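Following the hints, complete the assembly by docking chain B onto the known chain A.
As you go down the protein sequences, you meet chains A and B in turn. In terms of our numbering, the first sequence opens at residue 0 and continues consecutively. In terms of our numbering, the second sequence opens at residue 728 and continues consecutively.
Treat the hints as calculated values from the structure; they're not laboratory data. Source: prediction; values computed, not measured. Misleading hints may appear alongside valid ones.
Claimed, not checked - Heads up, incomplete: computed chain A residues facing chain B, CB under 7 Å, no partners named:
{"no.": "1", "residue": "A42"}
{"no.": "2", "residue": "R45"}
{"no.": "3", "residue": "V46"}
{"no.": "4", "residue": "N69"}
Note that CB positions come from ideal geometry on N, CA and C, so glycine has one too.
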Amino acid sequence: MDELIIAGKKFNSRLLIGTGKFSSSSVMAQAIEAAKAEIVTVALRRVDITNKDDDMLSAIDREKYLLLPNTSGARNADEAIRLSRLARAATGINWVKLEVTPDPYYLLPDPIETLKAAEILVKEGFIVLPYINADPILSKKLQDAGTATVMPLASPIGSNQGLKTRAAIEIIIEQANVPVVVDAGLGLPSHAAEAMEIGADAVLVNTAIATAAEPTKMAEAFKMAVIAGRTAYLSGAAAESKKASASSPLTGFLRND
Amino acid sequence: MSILKINGLVSSFPEDKMPATIADLLLNLGIDSAAVVAELDGQIIERVKFSTTSLHHGQSIELIRFVPGG
Numbered sequence: 000m001d002e003l004i005i006a007g008k009k010f011n012s013r014l015l016i017g018t019g020k021f022s023s024s025s026v027m028a029q030a031i032e033a034a035k036a037e038i039v040t041v042a043l044r045r046v047d048i049t050n051k052d053d054d055m056l057s058a059i060d061r062e063k064y065l066l067l068p069n070t071s072g073a074r075n076a077d078e079a080i081r082l083s084r085l086a087r088a089a090t091g092i093n094w095v096k097l098e099v100t101p102d103p104y105y106l107l108p109d110p111i112e113t114l115k116a117a118e119i120l121v122k123e124g125f126i127v128l129p130y131i132n133a134d135p136i137l138s139k140k141l142q143d144a145g146t147a148t149v150m151p152l153a154s155p156i157g158s159n160q161g162l163k164t165r166a167a168i169e170i171i172i173e174q175a176n177v178p179v180v181v182d183a184g185l186g187l188p189s190h191a192a193e194a195m196e197i198g199a200d201a202v203l204v205n206t207a208i209a210t211a212a213e214p215t216k217m218a219e220a221f222k223m224a225v226i227a228g229r230t231a232y233l234s235g236a237a238a239e240s241k242k243a244s245a246s247s248p249l250t251g252f253l254r255n256d
Numbered sequence: 728m729s730i731l732k733i734n735g736l737v738s739s740f741p742e743d744k745m746p747a748t749i750a751d752l753l754l755n756l757g758i759d760s761a762a763v764v765a766e767l768d769g770q771i772i773e774r775v776k777f778s779t780t781s782l783h784h785g786q787s788i789e790l791i792r793f794v795p796g797g
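Just chain A, with the same shape it has in the complex (with noise of 0.2 Å):
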């Protein structure tokens, strides 16, 4: 079985998905269903004690899936540092996928900020999955750090644009000794299976399945193009070339030339 393992945690899944936007609770259960997804993300904030809503984890079968709470909002190590500790205290969980997004406008990670976090939250014990740009040498150190993955951004959050970074993100596998999580900016199946095709270990996925007209389907269709993209890399693809090759046997029988 081709699993995906993270700190020695086994997964059968490459789909991890993100829990915002979705329409209501039993949207975001039952597209978390059909993507067959192991791990799902989920923020920290203050609650509102003028509108107690319902709890959103209720909504998660915890015996099922793996929450992975995720440090947005912090703008410093400083602030992720606290909202990872507070997710501990929390969930006794103690995996976080850590993100410093002091930009507001493209919510780009902080190369520096995120490699101190990192350094820090690896010895007090965190497994961090941190939120990167696609940057090859950031993502050595924080290896070196000794974060569990590293998580290359496609394109800016929540923006469907797309694989812009394949570059950047194709020197990243091939230098990563841990896994490689393409996260951000997947706004199509394809869009997924082009990040696998070129050997990502796993995506992660959110707005376009939430946003989508069909959420439940959407992730079926991604969950789909992930194992079909998987299933390429570990095929091995064939050569492009600029000429033709025949796929049909040329027999010269037609012409005497």
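Here is chain B on its own, set in the frame of chain A:
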């Protein structure tokens, strides 16, 4: 009057209505403690300690929960 800052908002309680512990405060607010983590004056308080952590005038408490996110 006793004052507590809850998630940045100042709440005042008559002396006899001041919640004694974090668990009491959550009960007052109608919040399910299973879904919440607290930070009291910057210190994380784990759920198992909610009923034994007493609250005092002038303290600041953050109540945090999971929400959907990517």
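Now the hints, each set against the structure:
A least Cβ separation of about 3 Å between A/A42 and chain B falls short of the 7 Å threshold, and the interface hint therefore holds. Hint status for A/R45: holds, given a least beta-carbon distance of 5 Å to chain B, under 7 Å. Nearest Cβ of chain B to the Cβ of A/V46: about 4 Å, under the 7 Å cut. The hint holds. For A/N69, the suggested interface contact is upheld, since its CB lies about 6 Å from the closest CB of chain B, less than 7 Å.
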